[in-house]
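Visitor: Residue numbers (the numbering used here), protein chains in the order written: chain S, 1 to 314; chain Z, 1 to 314.
The set of hints was computed from the structure by calculation and includes no laboratory data. Mixed in with the good hints there might be a few duds.
Copies of one chain are not kept apart here, so a pair can be met inside one copy or by any two copies together.
[What the hints assert, rightly or not] List time: in silico DSSO-like cross-link candidates among lysine-lysine, alpha-carbon distance up to 30 angstroms: (1) 37 x 159; (2) 20 x 124; (3) 123 x 54; (4) 62 x 256; (5) 256 x 225; (6) 123 x 225; (7) 20 x 123; (8) 156 x 26; (9) 58 x 249; (10) 24 x 249; (11) 5 x 243; (12) 58 x 292; (13) 42 x 5; (14) 37 x 225; (15) 249 x 5; (16) 156 x 5; (17) 12 x 91; (18) 19 x 156; (19) 124 x 19; (20) 156 x 20; (21) 5 x 159; (22) 124 x 62; (23) 246 x 6; (24) 58 x 284; (25) 95 x 256; (26) 261 x 314; (27) 257 x 33.
Computed from a predicted structure; not experimentally measured.
Number of protein chains: 2
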Amino acid sequence: MNINKKISNDLKLVEKLIKKDISKEKTISGLYKYIFKSNGKKIRARLNLIASSKNLNKNRIKLASVIELLHTATLIHDDVVDDSAVRRGTKSVNKLWTNSHGVLIGDYIYSKAFMYMVDIGNKKILEELAIATNDISQGELIQLDAIRNLNITLQKLKKISYYKTGRLFEAAAKTGAINSNENQAFIFNISECAKYLGILFQIKDDLLDYSDNKKIGKPVFQDIKEGKVTYPFFYAYQKANGKEKKILKELLYSSKKIRRKDLELIESLSGIKKTEQLANHYHKKTIECAKKIKNLDIREEMIELSNNALNREK
Amino acid sequence: MNINKKISNDLKLVEKLIKKDISKEKTISGLYKYIFKSNGKKIRARLNLIASSKNLNKNRIKLASVIELLHTATLIHDDVVDDSAVRRGTKSVNKLWTNSHGVLIGDYIYSKAFMYMVDIGNKKILEELAIATNDISQGELIQLDAIRNLNITLQKLKKISYYKTGRLFEAAAKTGAINSNENQAFIFNISECAKYLGILFQIKDDLLDYSDNKKIGKPVFQDIKEGKVTYPFFYAYQKANGKEKKILKELLYSSKKIRRKDLELIESLSGIKKTEQLANHYHKKTIECAKKIKNLDIREEMIELSNNALNREK
Chain S
1 MNINKKISND
11 LKLVEKLIKK
21 DISKEKTISG
31 LYKYIFKSNG
41 KKIRARLNLI
51 ASSKNLNKNR
61 IKLASVIELL
71 HTATLIHDDV
81 VDDSAVRRGT
91 KSVNKLWTNS
101 HGVLIGDYIY
111 SKAFMYMVDI
121 GNKKILEELA
131 IATNDISQGE
141 LIQLDAIRNL
151 NITLQKLKKI
161 SYYKTGRLFE
171 AAAKTGAINS
181 NENQAFIFNI
191 SECAKYLGIL
201 FQIKDDLLDY
211 SDNKKIGKPV
221 FQDIKEGKVT
231 YPFFYAYQKA
241 NGKEKKILKE
251 LLYSSKKIRR
261 KDLELIESLS
271 GIKKTEQLAN
281 HYHKKTIECA
291 KKIKNLDIRE
301 EMIELSNNAL
311 NREK
Chain Z
1 MNINKKISND
11 LKLVEKLIKK
21 DISKEKTISG
31 LYKYIFKSNG
41 KKIRARLNLI
51 ASSKNLNKNR
61 IKLASVIELL
71 HTATLIHDDV
81 VDDSAVRRGT
91 KSVNKLWTNS
101 HGVLIGDYIY
111 SKAFMYMVDI
121 GNKKILEELA
131 IATNDISQGE
141 LIQLDAIRNL
151 NITLQKLKKI
161 SYYKTGRLFE
171 AAAKTGAINS
181 NENQAFIFNI
191 SECAKYLGIL
201 FQIKDDLLDY
211 SDNKKIGKPV
221 FQDIKEGKVT
231 YPFFYAYQKA
241 NGKEKKILKE
251 LLYSSKKIRR
261 KDLELIESLS
271 GIKKTEQLAN
281 HYHKKTIECA
291 KKIKNLDIRE
301 EMIELSNNAL
311 NREK
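Start from the sequences and build out the full structure, keeping to the hints where you can.
Guide: If you want it as structure tokens, here you go:
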């Protein structure tokens, strides 16, 4: 069986393991089932499985489930934070139930992930995932500073992309490799590669929010509506003259509907183009790291993920 | 130095260790400092230190800090869930900042606790605290079912008190004892004792919410205002006739200000008296377990905590 097929099969086992865990309490099982009914892309769990695919280990599926649980918990808390109504094409927990349910089922899933991690019982894996979880919350907190903040720096935006998204990609690859008892060079290369892939993924997410295609399956222009400064807005604002700055500032503060001409303004100020260049930059970094991975199957998988991340339209 | 003095000193070291950890990110350090500026009662950290006071171990202070961090994280998420404006006599994070800040700094503190736990590196301690954290979130989720729920059972209310409060008391004592390499009998007795103490603590909390004294330092009649059925309301409703049931139901649904005569109705229907009896029942259970603890210093500490919990007026 080729590696790609093997990993697709393993991802089904991850889903199965996660869904097996059903609480006797109706409210909890109802929430839990709803959350894991819609299957996400599972790119983080996939990364983890790729990194642990050379030397199979009994905890392989459980570890990938931990990664998926951690990611899901952050998504649910994110939806509360952003007051999002939609997640994975269906209503978010906070909308279908309440914010309170979102906060608490997020905590439930977080702690479930920690229970599985403790079961696996590898200190290095525990360390990496505890720190990564803390870093993710830091990324989200720093992002709150980016709301209606016209003075945010590119450095800070990059830190947000890394902490909020790159960090779990990195930890997914790193812990997978640790779980497979890989050598230091492999652990380092695949972690770096996954980190840049995560940052690329986030930059592309920011870009897609400024696209007006219908394929994304979620509302667009959400970031600016929430007053969140991301790359396209940042670059456009950098280049804007006084009058344009005023228009952009109004968009950020008004939470009104973004119109075609607002997008055109951001485009004309190179907001989209410069973000695409940044995405290309991280794509290149990802490929460079991938090429240092000696195992050709794994190298190919990483390159494919990177190309998909760059070219994805949803 | 007697044990009581020793533990008071150790609690100061716990505070110091927690406060030492300051992020370079202003928003995070601002939130963190604010949260740990006001010192709570630290009864859970105290329990942990009592349980680990016979055989001192290098991780003793760190473990008590983990317990305090976990508790603080649950409080912050609780305040978001209950939309509380006040915590420890000052404004809650969700009021002074936003709900989003509350959710995320709660996650930050949770994961910080896991980082410390992993440092300690004792698998049994990790297991107990991962499961306890999951149980706490279950208790909170089940409690959401108690909102405006006139069909809630006494059994369910007891489960809420145990999961939401008793569980961390139990885990605090248990992990303290494990950290001190205590024998199984001691671990069992002090855990049971702490568990009942926690349930007693919660029952007393529910009672204090129905008292009209000014000492509590937080608003009273919050539970009924939030539509939350707790013991005093539950017992009163059980005994009420049709007309009284209607009045009680209105109180639960209207979120209007509770007046003197509403409290008198609940009192006349034995809501307060029966809750006090339940508190006495758990106080008795706590004392019974405490008497099984052979170390006289620790036994005395547990009995004192139990008496204080029963008699506290805030």
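Visitor: With reference to the structure, classify each hint as holding or not holding.
Guide: Comparing the hints with the structure gives:
1. 37 x 159: Cα proximity of residue 37 and residue 159: across copies only (28 angstroms, versus 32 angstroms in one copy).
2. 20 x 124: both (27 angstroms within a copy, 24 angstroms between copies)
3. 123 x 54: both (21 angstroms within a copy, 28 angstroms between copies)
4. 62 x 256: neither (44 angstroms within a copy, 49 angstroms between copies)
5. 256 x 225: Intra 7 angstroms, inter 35 angstroms, cutoff 30 angstroms: intra-copy only.
6. 123 x 225: neither (42 angstroms within a copy, 46 angstroms between copies)
7. 20 x 123: both (26 angstroms within a copy, 24 angstroms between copies)
8. 156 x 26: So residue 156 and residue 26 pass the 30 angstroms test across copies only (13 angstroms; inside, 43 angstroms).
9. 58 x 249: For residue 58 and residue 249, the Cα distance exceeds 30 angstroms both inside one copy (54 angstroms) and across copies (54 angstroms).
10. 24 x 249: between (50 angstroms within a copy, 28 angstroms between copies)
11. 5 x 243: This pair counts as neither: shortest intra-copy Cα distance 54 angstroms, inter-copy 67 angstroms.
12. 58 x 292: within (27 angstroms within a copy, 43 angstroms between copies)
13. 42 x 5: This pair counts as within: shortest intra-copy Cα distance 15 angstroms, inter-copy 53 angstroms.
14. 37 x 225: within (29 angstroms within a copy, 35 angstroms between copies)
15. 249 x 5: neither (48 angstroms within a copy, 58 angstroms between copies)
16. 156 x 5: neither (39 angstroms within a copy, 47 angstroms between copies)
17. 12 x 91: The answer is within: 23 angstroms in one copy meets 30 angstroms, while 46 angstroms across copies does not.
18. 19 x 156: Classified as between: cross-chain Cα gap 25 angstroms, same-chain 37 angstroms, threshold 30 angstroms.
19. 124 x 19: both (27 angstroms within a copy, 26 angstroms between copies)
20. 156 x 20: Classified as between: cross-chain Cα gap 25 angstroms, same-chain 40 angstroms, threshold 30 angstroms.
21. 5 x 159: Answer is neither: 34 angstroms inside a copy and 45 angstroms across each miss the 30 angstroms cutoff.
22. 124 x 62: Both, since 16 angstroms and 19 angstroms are each at most 30 angstroms.
23. 246 x 6: neither (53 angstroms within a copy, 62 angstroms between copies)
24. 58 x 284: Answer is neither; intra-copy 34 angstroms and inter-copy 48 angstroms both fail.
25. 95 x 256: Result: close both inside a copy and across copies, 21 angstroms intra and 26 angstroms inter.
26. 261 x 314: within (23 angstroms within a copy, 60 angstroms between copies)
27. 257 x 33: Intra 34 angstroms, inter 38 angstroms, cutoff 30 angstroms: neither.
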